[in-house]
Amino acid sequence: MSTFCLVHGAFLGAWCWEKLIPHLEGWGHHAIAMDLPLEDPEAGAVRYAEAVLQTLKEVDDDVVLVGHSMTGLFIPLIASQRKVRKLVFLAGGIPKVGTSVTERLSSSEPDMFNPDGVDQDPSQDEAVATKLLFNDCEPDVARWAVSKLRFQASRLIFSEVSPLQVWPDVESSYILCTDDQTFTPGWSRRTAREILGVDAIELPGGHCPQ
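Residue numbering for the sequence shown is 9 to 218, as defined by the numbering used here.
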C-alpha cells in the first residue's frame, strides 16, 4: 500500500483533507497532511516544498504526492529531491520551466484562471469563497469550510519564475473538476496534455472535491 501525502492549496489547511483521509485509510493506505506556512510573507515554491519535504523526512515507503490547486506549482520540486511514486495534480496549477504564472497569464495562457477570481481573497469574503472554492458544497459544509480559511500572506508563487529546472522522471496524473470556478477546465485539460502528456481525469463538481 501507499502513503498519500496530501498538500492543500491556497487559503486552505490540512483540515481540507479530513473527509478524504478516512476513505484512504479504509482502503489500507496511509495518509498524511500538513499546514503549509501561508503566514510567511516571503514564502514561494521552495519554502512550501521544504515544508512538505520535512513532513516526509521519516517516510520511506511508496509516496503518492497529491497537490491541490496552487500546490501543483511546486510538487514536482519535491519529486526532484526525494523518491515519489506518483504526482497527482488535483484541480491545480502545473509549473512551466523558465517562466512564471504571471508571465503565462499575460501571454500564452490567459485562460488559466476564472477571471471572476483574479485578485480576490476568499479568506476575507465569504461570498467569494463560496463561489470560487465551494460552489458545489452543501450549505453547511460550505460554511464550515469558509470558517477554516487562512489568510495567505505571499503571492510570490505566482510572480516568481518557477524554480523547477528539469521535470522529474515520475508518473503524473491530473484530475480536473468540470465545474471548477478557479482553474478553468479548458486550461486544465489542454495543459495536462501539453506538459504532463496525459489526458485529465474528469470529475463532476467544483474546485475542492475532497
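A couple of the hints might just be wrong.
For lysine-lysine, the following DSSO-like pairs were computed, each having C-alpha atoms within a straight-line distance of at most 30 Å [stated by the list, open to error]: (1) 65 - 139; (2) 156 - 139; (3) 65 - 27; (4) 91 - 104; (5) 65 - 94; (6) 65 - 156; (7) 156 - 27; (8) 94 - 104; (9) 65 - 104; (10) 94 - 27; (11) 91 - 27; (12) 139 - 91; (13) 94 - 156; (14) 91 - 65.
The following label-pair restraints were derived from C-beta to C-beta distances [to be verified]: (15) 118 - 210: 16 to 24 Å; (16) 50 - 210: 33 to 41 Å; (17) 9 - 45: 28 to 36 Å; (18) 209 - 43: 32 to 40 Å; (19) 110 - 68: 34 to 42 Å; (20) 173 - 23: 19 to 27 Å.
Honestly, the hints are just simulated from the structure, not real lab data. If you're wondering where the values come from, they're calculated on a predicted model, not measured in any experiment. Every residue gets a Cβ at the ideal spot worked out from N, C-alpha and C, and that includes glycine.
Against the structure, the hints:
1. 65 - 139: violated, 37 Å
2. 156 - 139: holds, 16 Å
3. 65 - 27: holds, 25 Å
4. 91 - 104: holds, 21 Å
5. 65 - 94: holds, 17 Å
6. 65 - 156: At roughly 27 Å apart (the allowed maximum being 30 Å), residue 156 and residue 65 satisfy the hint.
7. 156 - 27: holds, 14 Å
8. 94 - 104: holds, 18 Å
9. 65 - 104: holds, 27 Å
10. 94 - 27: Holds, at roughly 22 Å.
11. 91 - 27: holds, 27 Å
12. 139 - 91: With a Cα-Cα distance of about 37 Å, the restraint between residue 139 and residue 91 is violated, given a limit of 30 Å.
13. 94 - 156: Satisfied, since the Cα-Cα distance of roughly 29 Å is no more than 30 Å.
14. 91 - 65: Satisfied, since the Cα-Cα distance of roughly 11 Å is no more than 30 Å.
15. 118 - 210: 16 to 24 Å: holds, 22 Å
16. 50 - 210: 33 to 41 Å: holds, 36 Å
17. 9 - 45: 28 to 36 Å: holds, 29 Å
18. 209 - 43: 32 to 40 Å: violated, 27 Å
19. 110 - 68: 34 to 42 Å: holds, 37 Å
20. 173 - 23: 19 to 27 Å: About 33 Å separates the Cβ atoms of residue 173 and residue 23, which means 19 to 27 Å is violated.
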